[in-house]
Each structure stands twice: as structure tokens, then as C-alpha cells.
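Chemist: Residue numbers (our numbering), protein chains in the order written: chain W, 1 to 111; chain E, 112 to 223.
Hints are computed from structural coordinates only; laboratory data are not their basis.
We put the CB at the ideal spot given by N, CA and C, even for glycine.
Be aware that one or more of the hints could be misleading.
Claimed, not checked - Heads up, simulated PhoX-like pairs for lysine-lysine below, C-alpha to C-alpha not over 25 Å straight-line:
(1) K67/W / K3/W
(2) K122/E / K3/W
(3) K168/E / K45/W
(4) K129/E / K45/W
Unchecked claim - Not everything, but these chain W residues come out facing chain E in the computed CB check (under 7 Å):
(5) P14
(6) G16
(7) G17
(8) Y32
(9) P44
(10) F61
(11) G102
(12) K103
(13) S106
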Amino acid sequence: QQKVQQSPESLSVPEGGMASLNCTSSDRNFQYFWWYRQHSGEGPKALMSIFSDGDKKEGRFTAHLNKASLHVSLHIRDSQPSDSALYFCAARNTGYQNFYFGKGTSLTVIP
Amino acid sequence: EAAVTQSPRSKVAVTGGKVTLSCHQTNNHDYMYWYRQDTGHGLRLIHYSYVADSTEKGDIPDGYKASRPSQENFSLILELASLSQTAVYFCASSDWGYAEQFFGPGTRLTVL
């Protein structure tokens with residue numbers, strides 16, 4: 001069973017629009033989350049982490065975590081064509097040595 | 112900036128042959144990881160290491176071995192390559208277990 005589920009699988013937004021990506025975990029012990037972005041032909045690159053309930057903002061990117069509902073989201077404001085990529089959510093609990101990655105959401109920003 | 116390099120960048124191997132993928136990091140990180148990426152599966156952890164001369168199994172270790180001879184180097188070994196091991200393989204490093212992982216550019220492995 002996939003421990004980290006991401007939705008939607010793919011998403012298209014117009015340039016300048018808001019993109020919203022979702023991630024849920026099946027393990028209530030998952031407490032630590034990272035968002036990664038992967039452009040075609042490259043390795044993933046970390047965007048931001050969120051370890052506490054609430055919102056965390058870094059530039060155009062805002063992550064939201066609700067541990068009670070096991071849900072984390074990523075919102076990209078003023079989306080740019082360069083934001084077109086595969087976005088991964090990664091989750092970890094304190095009892096496991098590493099992060100589990102979701103299958104990813106493919107984002108396309110249409111100029 | 113943190114740097115993780117992988118070699119080779121692509122490889123074609125024959126079924127039953129031995130394949131070694133290499134990873135080198137200049138980040139002075141203790142943790143290193145090997146992942147495989149397949150369409151529809153995201154990233155799955157094969158092996159990892161948090162200290163030289165020691166490796167740990169990840170989620171899908173069957174058919175793979177790992178070697179960490181030094182802090183900077185981490186290898187993934189396929190003793191008997193199989194068709195199902197065709198994938199893109201990524202190496203990553205991190206300072207500690209909860210920290211950002213820095214990924215290499217990947218190795219595209221095709222087993223025929």
C-alpha cells in the first residue's frame with residue numbers, strides 16, 4: 001500500500017494562476033514533510049519542508065500542514081512556465097530512518 | 112553549492128550481467144541514498160547509508176547490493192541484472208535524516 005498519496009496526478013494551470021497540490025499519508029505517525037520538484041531530465045530538488053501544523057510561506061510557494069487529518073498541501077501563486085515539473089511529497093515518521101515519496105503530481109503551466 | 116555526481120549517466124546492460132552504478136558527493140554529508148524511479152511509482156528507496164562502511168536496506172532492496180567505502184562514495188551493484196531493473200536511478204545525500212536531500216542527475220539503466 002502506498003504510504004503517501006498525491007492528488008491530482010496531473011494539473012494544468014494558466015500562467016499567473018494558482019496551482020494547488022495535495023498529499024495525504026496513511027500513517028498517523030508521519031510528522032515531517034518535504035516538497036520536491038523535478039524538471040524533465042533532472043534529479044529532484046527540494047522546495048521546502050514543513051514540520052509544524054499551519055502555513056509556511058517561501059516566496060510564491062506556500063505549504064500547509066494539518067497533522068490531525070494527515071494532509072499537506074502546496075500552493076504555487078503566480079505560476080510560471082518554469083514551474084512546469086513533477087512535484088513530489090515526501091513524508092517521514094520518527095520511527096523510520098527515511099522519507100517515503102509519493103508518486104508525484106505533474107504540473108503544466110500554460111503560457 | 113552541494114554537489115552529487117553519478118556515473119555513468121546512461122548504461123545498457125545484458126540480462127544476467129553485473130552492473131555497478133557510482134555516486135560521489137562533495138557535500139560532506141553523512142547520509143547517502145539510492146532510489147529508483149519508474150513511471151507510475153515515483154521514487155522508491157533501495158539502500159541507504161549513514162556512515163562509511165555500513166549500508167542499510169530500504170524499501171525495495173531485493174536484487175541490489177550497496178557499498179559505502181568512504182563518506183564521499185556510494186555504489187549500487189546489480190549482480191545479476193534483470194529486465195525488471197530497467198529504470199532511472201538517483202543517488203542523493205543529506206546532512207541528517209530529516210534534512211533536505213540533494214539529488215544527483217540520475218543514471219538511466221536499460222537491461223536487455
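Chemist: All the hints need checking, so say for each whether the structure fits it.
Modeler: Hints, one by one, checked against the model:
1. K67/W / K3/W: The given pair, whose Cα atoms are some 15 Å apart, holds under the 25 Å limit.
2. K122/E / K3/W: Measuring from Cα to Cα gives roughly 31 Å; hence the hint is violated.
3. K168/E / K45/W: Satisfied, since the Cα-Cα distance of roughly 23 Å is no more than 25 Å.
4. K129/E / K45/W: 30 Å, violated
5. P14: 26 Å, violated
6. G16: Where the cut-off is 7 Å and the nearest Cβ of chain E is about 29 Å from G16/W, the hint is violated.
7. G17: 25 Å, violated
8. Y32: Since the shortest Cβ distance to chain E is 6 Å, the answer is holds.
9. P44: 5 Å, holds
10. F61: 14 Å, violated
11. G102: Holds - the Cβ of G102/W comes within 7 Å of chain E, reaching about 6 Å at its closest.
12. K103: 4 Å, holds
13. S106: Violated, because the Cβ-Cβ distance from S106/W to chain E comes to roughly 11 Å (cut-off 7 Å).
Going down the numbered hints, you'll see the structure goes against 2, 4, 5, 6, 7, 10 and 13, while the others check out.
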